[in-house]
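Asks: Protein chains in written order, with my numbering: chain A, 1 to 413; chain B, 1 to 413; chain C, 1 to 338; chain D, 1 to 338.
One or more of the hints may lead you astray.
[Unchecked claim] Listed below are the simulated PhoX-like cross-link pairs for lysine-lysine, each with C-alpha atoms no more than 20 Å apart in a straight line:
no. : chain 1 : residue 1 : chain 2 : residue 2
1   : D       : K325      : D       : K292
2   : B       : K368      : B       : K143
3   : C       : K238      : C       : K325
4   : D       : K47       : A       : K4
5   : C       : K258      : C       : K238
6   : B       : K372      : B       : K357
7   : D       : K266      : D       : K292
8   : C       : K292      : D       : K20
9   : C       : K20       : B       : K4
10  : B       : K357      : B       : K318
11  : D       : K292      : D       : K238
12  : B       : K372      : B       : K143
13  : D       : K265      : C       : K292
14  : C       : K265      : D       : K292
15  : C       : K238      : B       : K4
16  : D       : K20       : D       : K47
17  : B       : K35       : B       : K63
18  : A       : K63       : A       : K73
19  : A       : K171      : A       : K143
20  : C       : K47       : B       : K318
21  : B       : K4        : B       : K143
22  : C       : K292      : C       : K238
23  : D       : K187      : A       : K318
24  : C       : K20       : C       : K187
25  : A       : K4        : D       : K238
26  : A       : K143      : A       : K351
27  : C       : K187      : C       : K265
In short, the hints are calculated from the structure, not lab data.
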Amino acid sequence: MITKSRLHIPRPTARPGDEPDFSYLELSPAGSVDKPAIGSRTRDIEYLSSGLVRVLDDDFEAKGPWDPNLDAKQLQVALRWMMLTRALDDRMWQIQRQGRISFYMQSLGEEAVSIAQGMALRPGDMCFPSYRNQGLYLYRGVKLVDMMCQCLSNTRDMCKGRQLPVMYHSKAGNVFTISGNLATQFPQAVGWAMASAIKGEDHIAASWVGDGSTAEADFHHALTFAAVYQAPVILNVVNNQWAISTFQGTAGGQRRAFAARGLGLGIPGIRVDGNDLLAIYSATLWAADRARRGGGPTLIELVTYRGGPHSTSDDPSKYRPKDEWESFPLGDPLERLKQHLIIRGDWSEEKHEKLWKQLVSDVQLAWKEAQKSGTMTEGPFLDPATMFEDVYAEMPANLESQRRRMLEVLGGE
Amino acid sequence: MITKSRLHIPRPTARPGDEPDFSYLELSPAGSVDKPAIGSRTRDIEYLSSGLVRVLDDDFEAKGPWDPNLDAKQLQVALRWMMLTRALDDRMWQIQRQGRISFYMQSLGEEAVSIAQGMALRPGDMCFPSYRNQGLYLYRGVKLVDMMCQCLSNTRDMCKGRQLPVMYHSKAGNVFTISGNLATQFPQAVGWAMASAIKGEDHIAASWVGDGSTAEADFHHALTFAAVYQAPVILNVVNNQWAISTFQGTAGGQRRAFAARGLGLGIPGIRVDGNDLLAIYSATLWAADRARRGGGPTLIELVTYRGGPHSTSDDPSKYRPKDEWESFPLGDPLERLKQHLIIRGDWSEEKHEKLWKQLVSDVQLAWKEAQKSGTMTEGPFLDPATMFEDVYAEMPANLESQRRRMLEVLGGE
Amino acid sequence: MAQMNMIEAIRSAHDVMMEKDPTVVVLGEDVGYFGGVFRCTDGLQRKYGDHRVIDAPIAEGGIIAAAIGMGVNGLRPVAEIQFADYIYPGFDQIVSELARLRYRSSGEFFSPVTIRTPSGGGIRGGQTHSQSPEALFAHVSGIKVVMPSNPYDAKGLLISAIESDDPVVFFEPKRIYNGPFDGDPEKPGVSWASHPKGEVPEGYYTVPLGSAEVVLPGEELTIVTYGTLVHVAIAAAKETGIDCEVIDVRTMSPLDVKTLADSVKKTGRCMIAHEATRFGGYGAELAATLQKECFYQLEAPIGRVGGWDTPYPHAFEWQYFPGLKRLSAGIRRMMEAE
Amino acid sequence: MAQMNMIEAIRSAHDVMMEKDPTVVVLGEDVGYFGGVFRCTDGLQRKYGDHRVIDAPIAEGGIIAAAIGMGVNGLRPVAEIQFADYIYPGFDQIVSELARLRYRSSGEFFSPVTIRTPSGGGIRGGQTHSQSPEALFAHVSGIKVVMPSNPYDAKGLLISAIESDDPVVFFEPKRIYNGPFDGDPEKPGVSWASHPKGEVPEGYYTVPLGSAEVVLPGEELTIVTYGTLVHVAIAAAKETGIDCEVIDVRTMSPLDVKTLADSVKKTGRCMIAHEATRFGGYGAELAATLQKECFYQLEAPIGRVGGWDTPYPHAFEWQYFPGLKRLSAGIRRMMEAE
Ligand SMILES: Cc1ncc(C[n+]2csc(CCOP(=O)(O)OP(=O)(O)O)c2C)c(N)n1
Ligand SMILES: Cc1ncc(C[n+]2csc(CCOP(=O)(O)OP(=O)(O)O)c2C)c(N)n1
Ligand SMILES: [Mg+2]
Ligand SMILES: [Mg+2]
């Protein structure tokens, strides 16, 4: 009976053993997409959701109306943050492989997203990130050692051992606490932005979800509330082509770009080369300005590729061609920025090599430092009694007595 | 502090005391919207989501490419079903006002939706209606008396007293059981349609939600799954301008038509004059054909007006101008079809009057009949012991003992 | 002091708090211009503007998520869910987010959201306007769960909830919005006017979260209950002539075990009553806790009277509702146990 | 007969049923090409095609809703929710729809959906990969709730669930997917190979829903438990030398009261153990029911050992998990009560 099935089943262009095939990706040449005035009506700028905003061309030159004209210093700083993100990811991945932390998630290949958007936002703007935005925490001032201590659940862990590795937060840096539940932070960001508008402040909010997570209800809630109240928020979809083992078509990306998802509610969408720091920066600044001036929300799709496994628990060789990333037409964001700087005469292979070594050593030093606050096997250890704190603002009687009970050598009750 | 608020709060054009103002409604003249080939690509038919498909013009003439060319007989039958729906609603409304049923919801002003779409679908197609689709149940063969017995929760109640009035179902008629929870049936319809495709059958599914209900998560689930699997389903949004006290702008209708909601997923949308039986019939047939031929889902927005209060518990004079309906530019669907038939020479005021009287008397007879199976105050009464049935396929021990306990004169346990 | 019914008392709590604290905002379906389908927010938008009393799209998950975000940004949101039966689309945001924000960020982030929602049956609402899902929230650590049984407590508890930096789910037993109800549907309705707890101060006051109240002192048997059933319990005590101590739990979580246990130790008998489906209901926690606390004083097994383990059927509301007859029969039988 | 771990047993249940009944379809996140993050559906898509083993968008609410619709249209869907912690976005569709379809249409419509989901901690998954929300489902009438504790039961119960015309929520204690776990995290892991319930027939068989099992007979004290804790309970019996009767509940709803009550009446003592947060947990229902059924035989109050009333903290997994030490201490203390 099922042999007659007429159901359309989305299938990726390539599976293990196949040649990588990105023919489905619609690309525009760098510089070819117009940059509209910030006050443009949504209906006049629908083209932004189907084109691909790119600044860096195949020769690493910056082109067209979206070129933000950042100076050498700014670009070098951006490159440095991207490199630091990657150096951190590299190290932590190895560390997990050695069994010294329980879990890790890299942002390999997507570093430009966090850094470019971090740069384009103001410090007072609030970020509601996903688990692949570690660059944002770094950029907003969280120290390497504090990131590591979180991953170690040690005595310096900002989460007091309560969260899986990579579930950071930074109140001081205005970066929200990461949830294990996909997309939940998206409508919360809209609520935050609504409050900002209610208070008459000009801070905006920004949030990030993956391509796969757009299918969740909260994606819809975020778009609806943002559209209805014209909330000052930037809603980012990081389309890295994969959601664990399912390709972006399983989330509905086969027929229309994710950037178009808000059009039916009057939310403009911009489809951006997610591996092009300059394009991301520029699109984000455009959306932020628009939001700050009362123009409401913008949906930004960042077209990129998940360079590594989903997490340390994943094995992508089971579901996609091994060398897919190498064939990804938008390349490696870090490499592209580096080459752009070199072409401008503002960088060199030697400087790059030197900086990389420096950063690797910074990371190494931070790791040493982090371990002083405890590892999974060596003390000092967090006090388990703290697990009863912060459930409520004040500890209620039942938790106090449970804490006592636990301390009585884990007696049953 | 709130005085500085910059939040956009959607406000309707008119509140009690104001002149009705429908200037926000974008209208197209009858016959002015092209009818594309069924196989058209979604991107080529986006215009269908912003125009308004209309067949009957202001002089009640049928016009343009969407005219389904129904014959006199078909139109008379359609008119009859609409009139019957209204006659039933009228009577039941009064009956509730007299305290003889506990609750009621009319479809006043929206009768064309259920009848036109009922006609355009095939008997094997499955309907997942909202609580304002009573016409569908009638059209698909549920007897007046059975509708009434459901509202009475009497011994002939199809729901065995378990549901509020108007929460009908008809397995024989392929009309699903109505849920009190908004929008939940929308993604279920998509699942039903997926199963139909999996089985290789050519039955399609259709579902209905209100403008307000589009904000619910299930609306998004339905669209996503329909798009991903190209499910053979018609997803209808009945935009009757109001959701209890909130106008359609509160659900995000201010900037873009509801018909456009699926465009970002590649789902074509058709915005239809919801008070024009011919236009609805024709658009539905188009979408049904498309679905049956493997073309996937269509979203249809039916632009109409909720002629009465939300339900018998509601008082719309608190939140909208009293005479809004009279000013609604798309008129009364029943009146429009009647005039069209008269103009064609296929109907007359006399015939109309006579048919109306006939239907009113049919309804009256049905009401007499219904009461024989019990009223709220007079027997026969449903056996309360039945309340323990159908929780599970077979009654588990705990329910059996609770049933016994209840029968022991409602003793505590 | 004024005479208020529960709706007025709840409205007054909003008013007092919105006046006192400019960060308090209200959002929900139909709460703004219209003032709520039960009128609990009537007049607030006129007084405080539509930027503080906000009509929301019909998306319970979105409402709660938006409220969370607002709370993180310094506001103190009060969200109304139109019926408790419709809270489930927001369940994930409550359970996975609102309840855990403080914990997972070790106190750096929290959101002081109050979620108000009418619950319970007895108004011919059928199975989707009658549910009492408090047990589903009491099991979730990180939120407080409250249900008042009268206007005075409703206002005082709601003010405490709004002021609390912890999230609170606040159930309003809609059957007693307009007057106490003793569980006998045959009797004519009564108003709050003649009830001592219908006397409500017009200004600010609080009833603390986490404290139960002995509403009727007695010696022979303890009835532990909350919401509408408090009134049924008092009526059952009268009807049966059993010298019952009736305790209104008021806060389901955190639970005031001491007040309950002290009473049960004294009387040696305990009947638990609530409207929700019995199996796995909140009464199970009460019974489990009290049999443990009071084991050596108990003279009979703890009983539970609740809704049957079925949905709430429209036509058989009064067969489903654990009314006067069932509760009276239950405590009579319990007194027979030696 | 074959040696299977729980993953293989679950996979085999799918295989047997898909082979037997062409209306059985599987859907969920990553269940298709990849075979599921825990590999429970590995190989099924290769064997039955991608129209019967369907990779779904990441939308738990959508997955369950689609499954409901499929079920109404004559299919028999098995939906996987990747982690029980992620079931809440689908809560409304389960509670308001799946559970009530049959009731509200007086039997005309129903949907025989099985929802499988891995639950419980002990795999360093942190607070969003460790939850045990069975109590939230057991309270909802109209669904059955199941949790196996070994490969044999897992397969037999899953086949019963798939065949059942009632909706079933099927929790899989992920800590014991690969081997039983006695609650002592210091010991090396063991496999199912040496366990009698790791012997699993390759073909069709069922374990009926609604029946508990005495997995260790004893006279002094009854431990009522399910899932991972069954193995901890057996270990605690050994460790303490107390002659415990250990009962595996297996089906939370409907509950097999008789098997439990018979045992407690015999032993006079009862300890309940589960991994979920204790307050308002499923153990409360067990305690409430058993104190009632066995009041006159009980020699000590019924005890409950469960997760603490906090989220499941990543670093303190073994302090949170009600392991060997806590359970042993609990039953030792209970034996001291006279
Ligand atoms: C509500 C919920 N459902 C399922 C999961 C399990 N899960 C974690 S990550 C993931 C894939 C997400 O893919 P995508 O959104 O594309 O983000 P990416 O990992 O590619 O950055 C899934 C299914 C979850 N964490 N939360
Ligand atoms: C999940 C859920 N939330 C809220 C309600 C309460 N409610 C019933 S009808 C309604 C308004 C629906 O408006 P709309 O979708 O426009 O349909 P209409 O009544 O206009 O046909 C609301 C809020 C509900 N039934 N279900
Ligand atoms: Mg992705
Ligand atoms: Mg409407």
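Asks: Could you run down the list of hints and mark each one as holding or not?
Replies: Hint check:
1. Simply put, K325 of chain D and K292 of chain D have alpha-carbon atoms about 29 Å apart, too far for the 20 Å limit, and the pair is violated.
2. For the given pair, K368 of chain B sits about 13 Å from K143 of chain B by alpha-carbon distance, which is consistent with the 20 Å threshold.
3. Restraint check: the Cα-Cα separation between K238 of chain C and K325 of chain C comes to about 12 Å, which is no more than 20 Å; the hinted pair holds.
4. Distance hint between K47 of chain D and K4 of chain A is fulfilled; the C-alpha atoms sit about 16 Å from each other, no more than 20 Å.
5. A distance of roughly 25 Å separates the Cα atoms of K258 of chain C and K238 of chain C; the hinted pair therefore is violated under the 20 Å criterion.
6. About 23 Å separates the Cα atoms of K372 of chain B and K357 of chain B, which puts this hinted pair outside 20 Å; it is violated.
7. Using a Cα cut-off of 20 Å, the hinted pair K266 of chain D and K292 of chain D holds, with the two alpha carbons roughly 15 Å apart.
8. This hinted pair does not check out: K292 of chain C and K20 of chain D have alpha carbons roughly 49 Å apart, beyond 20 Å.
9. For a cut-off of 20 Å, the pair hint linking K20 of chain C to K4 of chain B stands: about 18 Å separates their Cα positions.
10. Between K357 of chain B and K318 of chain B, the direct Cα distance comes to roughly 33 Å. Violation of the 20 Å bound is thereby established for this hinted pair.
11. Proximity of K292 of chain D to K238 of chain D is assessed by CA-CA distance (about 29 Å); at most 20 Å being required, the pair is judged violated.
12. Only pairs whose Cα atoms come within 20 Å are accepted, and K372 of chain B paired with K143 of chain B is accepted, the gap being roughly 15 Å.
13. A C-alpha spacing of about 17 Å is found between K265 of chain D and K292 of chain C, which places the hinted pair at or below 20 Å, so the restraint holds.
14. Distance restraint check for K265 of chain C and K292 of chain D: the Cα-Cα separation of roughly 17 Å lies within the 20 Å cut-off, and the hinted pair is therefore satisfied.
15. Note on K238 of chain C and K4 of chain B: the hinted pairing is violated, with a Cα-Cα distance of about 57 Å set against a maximum of 20 Å.
16. With a CA separation close to 13 Å, the supplied pair K20 of chain D and K47 of chain D stays within the 20 Å bound.
17. Between K35 of chain B and K63 of chain B the CA atoms are separated by roughly 12 Å; this keeps the pair inside 20 Å, and the hint holds.
18. Of the pairs offered as hints, the one joining K63 of chain A and K73 of chain A holds, with about 19 Å between alpha carbons and a cut-off of 20 Å not exceeded.
19. Using a Cα cut-off of 20 Å, the hinted pair K171 of chain A and K143 of chain A holds, with the two alpha carbons roughly 13 Å apart.
20. Taking the CA atoms of K47 of chain C and K318 of chain B, the gap is near 17 Å; set against the 20 Å cutoff, the hint holds.
21. Taken as a hint, the K4 of chain B and K143 of chain B pair is broken in the structure, with Cα atoms around 58 Å apart against an allowance of 20 Å.
22. Straight-line distance between C-alpha atoms of K292 of chain C and K238 of chain C comes to about 29 Å, which puts the hinted pair past the 20 Å bound.
23. For a cut-off of 20 Å, the pair hint linking K187 of chain D to K318 of chain A is broken: about 32 Å separates their Cα positions.
24. With a C-alpha separation of about 41 Å, the suggested pair K20 of chain C and K187 of chain C falls outside the 20 Å cut-off, and the hint is violated.
25. A C-alpha spacing of about 57 Å is found between K4 of chain A and K238 of chain D, which places the hinted pair above 20 Å, so the restraint is violated.
26. As the CA atoms of K143 of chain A and K351 of chain A are separated by approximately 24 Å, the hinted pair breaks the 20 Å bound.
27. Proposed proximity of K187 of chain C and K265 of chain C is contradicted: the alpha carbons are some 35 Å apart, above 20 Å.
In summary, the structure is inconsistent with hints 1, 5, 6, 8, 10, 11, 15, 21, 22, 23, 24, 25, 26, 27 from the numbered list given earlier, while agreeing with the others.
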